[in-house]
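Please take these sequences and the hints and turn them into a complete structure.
There are 2 protein chains.
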Amino acid sequence: MTEYILQLLEQKNYIKIKSTVKDIIPPDLAALLESLEPRDITLIFRLLPKELAAETFTYMDSDTQMHLISGFSDKELREMFDEIFVDDTVDIIEEMPANVVARILKNSDLETRKQINTILNYPADSAGSLMTTEYVYLHRDMTSKDALDWIRKVGVVKETIYTCYVTESRKLIGYVTILDLVTADEDTVIESIMDTNVISVNTHEDREIVAKKFSKYDFLAMPVVDNENRIVGIITFDDVLDVIQEENEEDFSKMAAMQPTEGSYFKTPVLIHVKNRILWLLVLMLSATITGTLLTKYEESFQTIPLLVSFIPMLMSTAGNCGSQSSTTVIRGLATEEIQFKDYFKVAFKEFRISIVVSLILSLTNSLRILVMYKDFRLSAVIFLSLIGIIIIAKFVGCTLPLLAKKFKIDPAIMANPLISTILDTCSMLIYFQIATLIFSELR
Amino acid sequence: MTEYILQLLEQKNYIKIKSTVKDIIPPDLAALLESLEPRDITLIFRLLPKELAAETFTYMDSDTQMHLISGFSDKELREMFDEIFVDDTVDIIEEMPANVVARILKNSDLETRKQINTILNYPADSAGSLMTTEYVYLHRDMTSKDALDWIRKVGVVKETIYTCYVTESRKLIGYVTILDLVTADEDTVIESIMDTNVISVNTHEDREIVAKKFSKYDFLAMPVVDNENRIVGIITFDDVLDVIQEENEEDFSKMAAMQPTEGSYFKTPVLIHVKNRILWLLVLMLSATITGTLLTKYEESFQTIPLLVSFIPMLMSTAGNCGSQSSTTVIRGLATEEIQFKDYFKVAFKEFRISIVVSLILSLTNSLRILVMYKDFRLSAVIFLSLIGIIIIAKFVGCTLPLLAKKFKIDPAIMANPLISTILDTCSMLIYFQIATLIFSELR
Numbered sequence: 019m020t021e022y023i024l025q026l027l028e029q030k031n032y033i034k035i036k037s038t039v040k041d042i043i044p045p046d047l048a049a050l051l052e053s054l055e056p057r058d059i060t061l062i063f064r065l066l067p068k069e070l071a072a073e074t075f076t077y078m079d080s081d082t083q084m085h086l087i088s089g090f091s092d093k094e095l096r097e098m099f100d101e102i103f104v105d106d107t108v109d110i111i112e113e114m115p116a117n118v119v120a121r122i123l124k125n126s127d128l129e130t131r132k133q134i135n136t137i138l139n140y141p142a143d144s145a146g147s148l149m150t151t152e153y154v155y156l157h158r159d160m161t162s163k164d165a166l167d168w169i170r171k172v173g174v175v176k177e178t179i180y181t182c183y184v185t186e187s188r189k190l191i192g193y194v195t196i197l198d199l200v201t202a203d204e205d206t207v208i209e210s211i212m213d214t215n216v217i218s219v220n221t222h223e224d225r226e227i228v229a230k231k232f233s234k235y236d237f238l239a240m241p242v243v244d245n246e247n248r249i250v251g252i253i254t255f256d257d258v259l260d261v262i263q264e265e266n267e268e269d270f271s272k273m274a275a276m277q278p279t280e281g282s283y284f285k286t287p288v289l290i291h292v293k294n295r296i297l298w299l300l301v302l303m304l305s306a307t308i309t310g311t312l313l314t315k316y317e318e319s320f321q322t323i324p325l326l327v328s329f330i331p332m333l334m335s336t337a338g339n340c341g342s343q344s345s346t347t348v349i350r351g352l353a354t355e356e357i358q359f360k361d362y363f364k365v366a367f368k369e370f371r372i373s374i375v376v377s378l379i380l381s382l383t384n385s386l387r388i389l390v391m392y393k394d395f396r397l398s399a400v401i402f403l404s405l406i407g408i409i410i411i412a413k414f415v416g417c418t419l420p421l422l423a424k425k426f427k428i429d430p431a432i433m434a435n436p437l438i439s440t441i442l443d444t445c446s447m448l449i450y451f452q453i454a455t456l457i458f459s460e461l462r
Numbered sequence: 019m020t021e022y023i024l025q026l027l028e029q030k031n032y033i034k035i036k037s038t039v040k041d042i043i044p045p046d047l048a049a050l051l052e053s054l055e056p057r058d059i060t061l062i063f064r065l066l067p068k069e070l071a072a073e074t075f076t077y078m079d080s081d082t083q084m085h086l087i088s089g090f091s092d093k094e095l096r097e098m099f100d101e102i103f104v105d106d107t108v109d110i111i112e113e114m115p116a117n118v119v120a121r122i123l124k125n126s127d128l129e130t131r132k133q134i135n136t137i138l139n140y141p142a143d144s145a146g147s148l149m150t151t152e153y154v155y156l157h158r159d160m161t162s163k164d165a166l167d168w169i170r171k172v173g174v175v176k177e178t179i180y181t182c183y184v185t186e187s188r189k190l191i192g193y194v195t196i197l198d199l200v201t202a203d204e205d206t207v208i209e210s211i212m213d214t215n216v217i218s219v220n221t222h223e224d225r226e227i228v229a230k231k232f233s234k235y236d237f238l239a240m241p242v243v244d245n246e247n248r249i250v251g252i253i254t255f256d257d258v259l260d261v262i263q264e265e266n267e268e269d270f271s272k273m274a275a276m277q278p279t280e281g282s283y284f285k286t287p288v289l290i291h292v293k294n295r296i297l298w299l300l301v302l303m304l305s306a307t308i309t310g311t312l313l314t315k316y317e318e319s320f321q322t323i324p325l326l327v328s329f330i331p332m333l334m335s336t337a338g339n340c341g342s343q344s345s346t347t348v349i350r351g352l353a354t355e356e357i358q359f360k361d362y363f364k365v366a367f368k369e370f371r372i373s374i375v376v377s378l379i380l381s382l383t384n385s386l387r388i389l390v391m392y393k394d395f396r397l398s399a400v401i402f403l404s405l406i407g408i409i410i411i412a413k414f415v416g417c418t419l420p421l422l423a424k425k426f427k428i429d430p431a432i433m434a435n436p437l438i439s440t441i442l443d444t445c446s447m448l449i450y451f452q453i454a455t456l457i458f459s460e461l462r
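Residue numbers (my numbering), protein chains in the order written: chain X, 19 to 462; chain Z, 19 to 462.
To be clear, the hints were calculated from the coordinates, so they are not data collected in a lab. Remember, it's a predicted structure, so these values are computed and weren't measured experimentally. Watch out, some of these pointers could steer you wrong.
For identical chains, the list gives no copy identity; a pair is met inside one copy or between any two copies.
To be verified - Keeping only pairs whose Cα atoms sit at most 20 Å apart, straight-line, the calculated SDA-like set for lysine to any residue is:
1. K189 x T322
2. K34 x S305
3. K234 x D394
4. K293 x V375
5. K231 x T76
6. K230 x L259
7. K285 x F359
8. K234 x E52
9. K68 x D198
10. K124 x S305
11. K425 x D269
12. K163 x T195
Structure (structure tokens):
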């Protein structure tokens, strides 16, 4: 497609370009335009019908948006933002430098400007910052016909009209879906068909809670209310999809000992990547020296039996892997709310039983291998017993720490693989050398 | 709430129970019922209005569903499944033992039974298995009024009527939203307002691709077509929300070296948990013995300078952490499609620059600490150089392996923390002892 457009651009066949691009879906069109030269983007963008141009604009990355805005006259800017939904405008504004924001706000009408500012003032990650202030509200005394006429008048500029909220002095008292309105007789009063069981969120609710409510209730949209139960906006499911993905990405980062990187991998500068990664690396590196210091205590042991050293990597990695299996399972269980702190003993007992079976399989495999390779029964026994002890401890620590973190209101995700591994390294070396000293009498 | 209901149950005040529970939202009601005794669940369930009962049923776990079904007469069973959407029925059936499935199918009408079977025959994880066969279709020659009348007639049993599909001999030729219909004049012909730019998925498309299309286009529903572009069903956004969560959970499991556990942590038996965890543990444990075998080659080195052993945990854990930071970043970039195989050199160069800065900070910190603690310049130099080499290799391996996996059509998620760490353990020990032998002349 890109090549075809480039060819038309070369031929200056603008009529053909216009008729080709106007049938492309906005997200695809945005991707197509971004692949062109900046000069050509502006050129083609001006050929688009106003509505398509505005919607395509919302799908572009902020660099391209900024490039386009810088070329717009104030009139063009105003016309475009008139077509864009307020919550999308806010998303765009949040990415722009201050002088561009000022230009956008100057060219919005008073009402829109007020709406943008309202949304911008809510704390990041709150329901307030996610919501749009454009929704359809009805009065309880309206008839179904009144309601549909009202939707015809205002609905087209509202982001979702599928659920309409019934208010009384701005307080939320019920909702009707457009299906209710369409299927009801013309003179049915809203009050008689509205559902008064409204699930809403407070403006200050965390966006993670909002996402959970959406998943639980399968809503298309959810009303946002202030402390007096007055409706101030709605959150739509498409914004929630983005929140769920972002929250998951954050957890993936944390579980690999990184602070989450916001935005694009390629566009984030090297030093910001370093900043997001270095703190945990330093902490974990220095914690690992504790295990090192512990090992210096057993110097004589591995001067006497140097073979003991060769099992260190296997024991430490098995401890780490067993521990992170348990911690990841518990962390995800906490995130999806299947596991709660009160389940601690149930979880610990389950992990204990798992660790018994797992440790028997692993230690039998390994001690048999050692018996065959080294023909040393004592060595084989040391590894057998150490693995059993290490795996039981690993699964215990792995399920305990995330639950403790949760209890003390720390994000359990930081108790993931890297931190657990470092803690378990120390435990496993302690167990290993204690058992070795016990069995090899020459080490005493 | 549970206590209040229990109290009413004791008083046998069924009228009060009936009026209380009928205002509770289905997902909440399902949770409430599940917390009661089996006998009481059946009792209260029978008090519910038919529609509420059916919807609540879909939110229950399969044990409770099975308990309820076993108590139903055939008539009750039929009445309930008449109220449940076909795709929910399929979800329920997939969890039930064969004799219960047979009973449900026997009590569905012919049409429903055909629909259920159609869905059940699509491969798991395909668009076909996600879809519902209940959707609203219109003809291009209908007027807006005809269409609304038709929706009034059929819409209430369709899972979503917000998007209606226009078909011609079952081929999908366009769509209109209910907003288009409501805002159009009564005699407007569908053909003139329908949008012919329909994004659809094929029945055999993978559900991950379906989820990506939903996130990209912000759809409420997407039509599913067969190879001849005939519409066979629709997928709604609520099913996609579940898919996205499940896919993420799968990735979390794989990245902690586990096969994904389907369903509840608590309900999955211990031996299934063991089965999902043991394979990777065995593979990783045996791979770690390679590092061990390598260490036996340097036995003389640590008999001469036993202090060298104490740095092994710190070096291995730093290598693992640096590597998993890079691999997690690349794996997630691949999952969200920001990173592709063709970006390999861009990614490798970026990670190389990050590793230069990170390695300088970490090795300076650590070698200074060693200089102060042990006053040994050569030891400090060994650690300085080893860390630099190890971190550069770690970030290189960490970004390369997931991309190679992708290239060879292996799931990149298995190249996560545990496997990367094990590979890097060997690399880091090789670098460490090579540098140590170079600097400490007595080791040669």
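So, going through the hints one by one against the coordinates:
no., hint, in the structure
1, K189 x T322, "neither (80 Å within a copy, 80 Å between copies)"
2, K34 x S305, "neither (65 Å within a copy, 61 Å between copies)"
3, K234 x D394, "neither (58 Å within a copy, 61 Å between copies)"
4, K293 x V375, "between (42 Å within a copy, 10 Å between copies)"
5, K231 x T76, "between (26 Å within a copy, 17 Å between copies)"
6, K230 x L259, "both (11 Å within a copy, 11 Å between copies)"
7, K285 x F359, "between (40 Å within a copy, 18 Å between copies)"
8, K234 x E52, "between (37 Å within a copy, 16 Å between copies)"
9, K68 x D198, "between (33 Å within a copy, 19 Å between copies)"
10, K124 x S305, "neither (53 Å within a copy, 63 Å between copies)"
11, K425 x D269, "within (18 Å within a copy, 26 Å between copies)"
12, K163 x T195, "both (14 Å within a copy, 19 Å between copies)"
In this structure, the hints that do not hold are numbers 1, 2, 3, 10, in rising order.
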